[in-house]
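Same order as they appear, the protein sequences are chains P and B.
Quick note: the first sequence, position 411, residue 411 per this note's numbering, numbers continuous.
Quick note: the second sequence, position 138, residue 138 per this note's numbering, numbers continuous.
Because the hints were derived from the structure by calculation, they are not lab data.
If you're wondering where the values come from, they're calculated on a predicted model, not measured in any experiment.
Incorrect hints may appear among the rest.
Said to hold, decoys possible - To be clear about the criterion: a stretch of chain B counts as covered by chain P if any three or more of its residues have a C-beta under 8 Å from a C-beta of chain P, and this derived list gives those stretches:
(1) 80-94
(2) 108-114
(3) 258-268
(4) 379-392
Just so it is clear, CB atoms sit at the ideal spot from N, CA and C, and this is done for glycine as well.
2 protein chains.
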Amino acid sequence: MSEKIPYKIYLEEHEMPKQWYNVRADMKKKPAPLLNPATLRPCTAEELGNVFCDELVKQELNETDRYIDIPEEIQEFYKMYRPSPLVRAYCLEKKLDTPAKIYYKFEGNNTSGSHKLNSAIAQAYYAKQQGLKGVTTETGAGQWGTALSMACSYFDLDCQVYMVKCSYEQKPFRREVMRTYGANVTPSPSNTTEVGRKILAEFPDTNGSLGCAISEAVEKATTQDGYRYVLGSVLSQVLLHQSVIGMESKIAMDKYGITPDIIIGCAGGGSNLGGLISPFMGEKLRGEKDYRFIAVEPASCPSLTRGVYAYDFCDTGKVCPLQKMYTLGSGFMPSANHAGGLRYHGMSAVLSELYDQGLMEAVSVEQTSVFESAQQFARVEGILPAPESSHAIKCAIDEAIKCKETGEEKTILFGLTGTGYFDMYAYGAYNDGRMSDYIPTDEELQKSFDTLPKID
Amino acid sequence: MSEKIPYKIYLEEHEMPKQWYNVRADMKKKPAPLLNPATLRPCTAEELGNVFCDELVKQELNETDRYIDIPEEIQEFYKMYRPSPLVRAYCLEKKLDTPAKIYYKFEGNNTSGSHKLNSAIAQAYYAKQQGLKGVTTETGAGQWGTALSMACSYFDLDCQVYMVKCSYEQKPFRREVMRTYGANVTPSPSNTTEVGRKILAEFPDTNGSLGCAISEAVEKATTQDGYRYVLGSVLSQVLLHQSVIGMESKIAMDKYGITPDIIIGCAGGGSNLGGLISPFMGEKLRGEKDYRFIAVEPASCPSLTRGVYAYDFCDTGKVCPLQKMYTLGSGFMPSANHAGGLRYHGMSAVLSELYDQGLMEAVSVEQTSVFESAQQFARVEGILPAPESSHAIKCAIDEAIKCKETGEEKTILFGLTGTGYFDMYAYGAYNDGRMSDYIPTDEELQKSFDTLPKID
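Take the sequences, apply the hints, and build the full model.
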């Protein structure tokens, strides 16, 4: 009889979650509603239904149902690449010589290379159910676009992806994976939309941005019959779907009697972090247990640690609903030397509200230290992490080193959202010593805050 | 009580194999011995020990022990990324509308992206045990070099990789992964070796070849103190380590009462195929059970289906021992339009002998049909396969379609050796309709056979 926790805990299929968990149901103070930018009044289901699939609108507005059934067909798809392993980082612990026990939930073992597939398949499913022809979306680093391409291919839906131009050019392989799954990929800004043409006229040399690609995708969805727009992060529906990460983690930990003290996730728009922490946060909100939650963001795009909590535009073209969130202002552009995702100016409304209530902490880290941690991790744990995920690794290592100093045997859980196979340019820059750090000045941030809408 | 086989069968850690299986122990007629190219007499352990690690030489020459213990430290490393899943291809079966039951053993869920890590970690371990400073090797498509980099990084060994020049240039990201794991990567042919300088003088514009990179790596190993050469395929020791694939498959299938009728693997040097079929072949050799085994090779490099069974050089520089094998002649160069690995002119001596005894079949397939199968597989099974692995997919699909025609409910097992993330150039060519097929003419092969050594 061995009591040793295995290196990897895989749930049995019958142990996999059959429902998503909706953390808003347990929040006493709910996130502020989305506002219609024209009327500045809360968006109605009908208004949102012009942009999003009907069932997803219901999920977006649902603040009361704690659990929402995962449709049978999505459960079947999940079985193709889930459960994802909960890994005990024995080798990293040994290397750090720490008394901390480190676990990570690894979401990179699917072809999209990240957790994004968890929500992509749900959104594609509901689009199919609604009888749509296809969906449009934007992608930055490319993980979301790849995930959506896979999901649409599975349900035989047309998939139109606006890919931020600099990514489109720097990541031809990401583009090729999407094409292999049958997606149509357009560099953004493009001349296929009004908003794209307008931006190109004003900034002919622009490399594009996520906010701009969102505007194009939304326009394309609302001007084609039988199409809707889908989004891979920020929205509450996405956090709902991503709760499968946290629920699997919790079931696996409960099975072995493990309770995490600290739960860490990287934060861009919040899809992974929100999904990972949701069921644990639920226990904290209900007063059943306490945990420390840490959001880790890049020092070059520090929406939680240096942003303001205010209503802001979600996109550059200002066609999307307004959302109250921690934001740097929709005019904020991360420095060109910033590698990987986590470049969004805002943050999930749910996470913003939890952070504002003091239920979650946030730290920012600089990218050379992130790649240093990534390399250290890769060498001992045998997984080449995505730059995004490596933000969480950096923070987990820092916490484990603190445990070494204090002698505390804390249990740390972090989200390893994906793999870095398509980020080797950035790894190359790090390997060659060509990578630099950038922290926006207060003046730069102030200039960006000035782009915030004036809402009373 | 559900009798349904899960989508993915993962063994528990305690069920993982603790020994490798040595198929030669069950072969009545053994593979022919390696010959010293100078004396044309069987290589002694001492001669081989100048090139290879001592313990690996013992394994190479061991034709009698049926099982060899996997050292504890290798077992621990295996737990970092193994067991690999045995997947029931429900979605593919449904898509093909076949009564066949299709299973695949997926070896791509580790950062090297393939099964190569199974032998890399073993070879690095024995090098470390021997107190060596480091090892040298060659890599073509890059899977082996990546795997060895990971293994050497784990044991803190220096790793010098000669990478076929055209791969080095076409796959900068593969190179960057190796560098992230601390390896030193040199494009071959190079001016760092005698044999490299000689080849460069004769063919200054050469793109390099696997045979040439082997020669450079061997020279480098034998001319530096504290170094040995390691190889990722062809050798019997490699098949021994890779038997972990077949053993895990067999344990998982036995657990669920599944018996494969047909076992299929892609074949370049034979490392995956040999590892996958070994324990099943053992049963066949001992007369306990019968299985059909199918080796799948590219029509552009058809060593089993169109080669000759003869002693040949293993490398271009002719510094390695001679091996009796199915070969196209060491002068054979696959067409430039050939994508991915499986470009070696020869074949494992063990597999060659089994094939010669009629215990295994072989088929060759053309690459556009391989990529067609790869795309079909990716879209329904959610894994983007390596071009090499897709040869096995193509054959498995063909066999499943035959079952549909005959109504037979055969059980098919194939090896899915790895992922195609670093092969997107080739996928791009396929997506654009730029990919072509090439089959060498009889005259071309005859010319290449003329390069065979004359051995009585």
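Identify every previously stated hint that the structure contradicts and give their numbers, smallest first.
3
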